[in-house]
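Protein sequences appear in the order of chains A and B.
Going by the numbering used here, the first sequence opens with residue 2, and the numbers climb by one from there.
Going by the numbering used here, the second sequence opens with residue 2, and the numbers climb by one from there.
Please note: incorrect hints may appear among the correct ones.
The list treats identical chains as one, so a pair stands whether inside a single copy or across any two.
Stated by the list, open to error - In silico lysine to any residue, SDA-like type, Cα no more than 25 Å apart, as pairs:
| hint | residue 1 | residue 2 |
| --- | --- | --- |
| 1 | K128 | V352 |
| 2 | K128 | F118 |
| 3 | K43 | P214 |
| 4 | K128 | R358 |
| 5 | K370 | L355 |
| 6 | K43 | P16 |
| 7 | K370 | E58 |
| 8 | K370 | G59 |
| 9 | K128 | L351 |
The set of hints was computed from the structure by calculation and includes no laboratory data.
There are 2 protein chains.
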Amino acid sequence: MEHPIHMPVFQGDQPLYLQLYQHLAREIQQGRPGAGKKLPSKRRLCTMLGVSMSTVEGAYSLLLAEGYVRSLPRSGYVAAQLHDVQTQPVPDLPPAPPPSSQWLYDCSTSAVDTTAFPFSSWARINKDAVYQNPGLLQPGHPQGDEPLRVALAGLLAQYRGVCCSPEQIVVGAGADYLLSLLLQLFPLGSTVALEDPGYPTAWSAVERHGHRPVSVPVDQDGMNPQALEQSGATLAYVTPSHQFPLGVTMPVERRSRLLRWAGQAPDRYLLEDDYDSEFRYASRPIPALQGLDHGGKVIYLGTFSRSIAPAIRVAYLILPPQLLARYRQVFPQSACTVSRFEQETLRQFLVQGLYSRHLRRSGNLYRRKCLIFTQALESCGNLALTGQNAGLHFLLTAPHLTEPEMVERTAERGICVYPLSRYCHQVPPPPSTVVVGYAGLPVQQLEHCAALLGLALAPITPPPGSEPPDAPP
Amino acid sequence: MEHPIHMPVFQGDQPLYLQLYQHLAREIQQGRPGAGKKLPSKRRLCTMLGVSMSTVEGAYSLLLAEGYVRSLPRSGYVAAQLHDVQTQPVPDLPPAPPPSSQWLYDCSTSAVDTTAFPFSSWARINKDAVYQNPGLLQPGHPQGDEPLRVALAGLLAQYRGVCCSPEQIVVGAGADYLLSLLLQLFPLGSTVALEDPGYPTAWSAVERHGHRPVSVPVDQDGMNPQALEQSGATLAYVTPSHQFPLGVTMPVERRSRLLRWAGQAPDRYLLEDDYDSEFRYASRPIPALQGLDHGGKVIYLGTFSRSIAPAIRVAYLILPPQLLARYRQVFPQSACTVSRFEQETLRQFLVQGLYSRHLRRSGNLYRRKCLIFTQALESCGNLALTGQNAGLHFLLTAPHLTEPEMVERTAERGICVYPLSRYCHQVPPPPSTVVVGYAGLPVQQLEHCAALLGLALAPITPPPGSEPPDAPP
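Please put together the full structure from these sequences, using the hints given.
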């Protein structure tokens with residue numbers, strides 16, 4: 002005998018067949034009809050509900066395919082025997098992270114000034130790259146398309162003294178992604194030496210990939226070699242061009258000492274993160290450590306997210322020969338994570354000379370910003386600056402205050418600076434020091450921001466009313 | 002006294018200052034001049050070499066910044082004391098992987114027919130998305146921009162019965178990337194149950210992330226629940242809509258049993274990889290397992306690389322509330338790996354209804370391809386097909402041959418099919434069976450390909466000259 006069913010209520014945008022399916026599936030789950038009992042025939046359901054035969058057939062075919070009903074010859078559909086589905090309450094969604102506070106000035110080290118970017122050229126090249134290359138819908142080379150890798154190898158030889166074949170380059174969607182990929186090439190439980198202070202994200206990435214991070218202190222020349230030698234590490238992560246966050250540059254003597262360390266065992270490597278090497282103000286950009294390496298010991302990591310824009314998710318890893326072989330073994334069938342259209346757009350941007358021109362312009366812009374900002378800060382007195390000869394951030398020290406006082410006082414003025422302690426793991430942070438990025442601050446407002454910082458960090462709290470003039474528009 | 006230096010030979014494209022720097026750095030490394038000895042003055046070097054002062058200054062400033070020379074007041078530059086740089090021979094590059102052989106027909110399971118893709122609409126939308134949104138150069142939401150996530154949540158509710166908030170979605174550059182991200186949310190050493198046979202890349206990803214993969218056999222209803230219950234796993238990776246590679250669909254009883262398993266411990270989860278759920282021929286698409294989950298136990302993974310094109314690197318992960326909280330804790334400052342311009346292009350493609358239209362058209366195309374191909378194969382006799390009611394591949398069994406014989410014989414005809422054993426870990430592969438994908442084969446050549454397969458897999462080797470007619474153009 003056919004079992005009576007509750008009538009569904011059709012509402013909303015979903016197709017009727019799907020709504021009918023969901024209604025019947027729910028009914029069967031709740032035992033209406035019970036296991037083995039018949040459902041209405043398709044024709045009868047059409048008449049009952051006033052819907053088309055294709056709606057009912059769509060719903061019944063889903064119920065059949067999913068196993069809610071079985072089809073018996075000459076008796077139509079009967080409900081299947083179902084196990085109880087656990088219906089625990091769904092936990093509430095975690096609260097969304099607070100929106101990035103409305104700072105007057107955020108001195109983030111990862112901000113970039115995109116006003117210098119030749120956006121209309123990029124858009125035009127992108128348009129042509131897409132329209133003219135429908136073939137790029139097909140899978141490309143796992144390491145990134147060869148023409149882009151050839152252009153990158155040329156660019157890196159010219160600008161960074163990097164010596165590599167395009168075959169050694171792996172293009173990927175951001176430096177974090179490529180670091181994750183690289184860490185998967187090392188045996189689980191490898192010891193990785195990290196600069197301290199250094200990038201917190203590198204530390205946590207090493208841990209998440211099942212390796213053992215070891216803190217190695219940074220001195221005025223970069224990673225301390227004695228500590229590295231004692232660390233037992235197989236991989237050392239360094240930022241030789243402009244140490245993050247201290248801003249020191251590694252001299253060649255230290256570089257050669259690190260290379261010697263790496264050369265002393267076959268499985269030792271140096272990872273050179275050249276994150277903001279494009280920008281150097283006191284001298285021309287310093288060639289990469291990679292170019293000094295004659296033993297296949299340096300892995301080089303670079304990105305366009307600072308030199309072009311954060312939203313352009315293209316970074317590149319250069320693997321020495323032995324790690325390249327390991328990469329091909331571990332990731333035999335991976336797909337490149339960067340859209341081939343974006344790869345082709347970037348390639349044209351490079352080979353047409355637009356990138357070089359953009360680097361010159363943005364370098365000049367950042368040099369000017371750095372000069373205005375640091376001069377204004379130095380004129381405040383009582384503040385010491387270090388690491389300002391390169392990159393897009395520097396350290397600011399106010400010897401008469403503690404680090405938390407500095408952060409708190411600047412926050413009261415609406416300015417976000419970053420405590421140096423947040424980049425320290427085991428090394429005690431240099432006292433009274435914060436990290437200040439300036440790339441994202443508008444050039445007209447640098448002096449205003451500096452004046453506010455000067456007031457906030459003055460040795461004696463200034464009397465009320467001693468505000469600097471309003472910021473320029 | 003000033004030390005004589007070898008004259009540099011300038012050649013190639015590199016700027017002169019860089020060539021001069023490299024030459025002098027090499028000289029100093031080789032002890033010319035020795036430590037503490039003077040280099041020529043800048044002015045003298047200009048005259049000696051016939052280059053401009055800015056060339057010499059560029060080179061000297063690099064040497065100084067890198068520590069090759071020191072600057073002494075009133076005596077100019079002297080060479081620094083350097084350690085020997087190890088100069089082991091660089092290992093040779095590993096041989097490049099062989100180029101994908103020139104198969105007549107490659108029955109890969111990951112190929113896609115991009116001829117059905119409305120490329121000109123995509124290009125037009127992309128052009129507008131870029132030109133009209135220079136603001137997208139700035140960093141976006143780590144999980145992907147909200148408008149895209151809203152569109153995805155709507156699409157998934159309508160097409161897949163997935164029930165989620167846009168807040169739960171994480172957009173990323175491909176399913177492999179998102180699987181890697183997900184695996185980093187579980188404590189190291191977690192036990193992960195994997196379908197056997199199943200995706201080999203999932204197995205190796207689990208291992209690379211420091212977890213323990215466990216093989217769970219697949220029966221005619223999908224992952225075997227008793228074996229799962231005994232596996233000790235906290236995460237089970239399943240493909241309920243169309244098991245890869247067997248092609249079975251998991252009925253609701255099995256789904257509810259897996260959900261019950263997940264509900265029995267607070268840290269148990271199911272990962273539903275819905276990789277090709279868009280394509281189903283015998284019934285309408287089957288709603289996702291995720292939609293049955295009322296306890297926050299199912300993680301859902303989807304991708305556009307099959308339904309749009311392999312080069313569109315956009316996939317999405319839906320995290321249940323507890324894992325979303327963990328994700329925000331583990332990746333507090335990550336950047337989304339998909340270009341914001343591509344995110345906006347995809348969003349418009351979805352909300353303008355172009356994706357729905359494309360799915361209908363490509364679904365019809367694949368249905369037609371499947372029908373032509375499977376009918377042609379069935380007419381060969383002696384061949385059995387399974388799993389052809391959904392997705393873009395099926396299993397082909399030739400009971401009179403071994404699996405290696407099948408692969409070898411088809412290869413002799415220029416056809417690449419995939420041995421089922423390659424997807425098996427501990428479970429013995431069903432005998433005499435290969436995996437055949439057809440999405441990438443041109444529709445006019447399916448009958449020719451089937452005829453060749455029929456000849457290759459015939460019980461008796463056909464006499465010479467029994468070739469099928471030539472392939473259509």
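Violated constraints from the hint list, given by number and in increasing order: As far as the earlier hints go, only 3 is violated by this structure.
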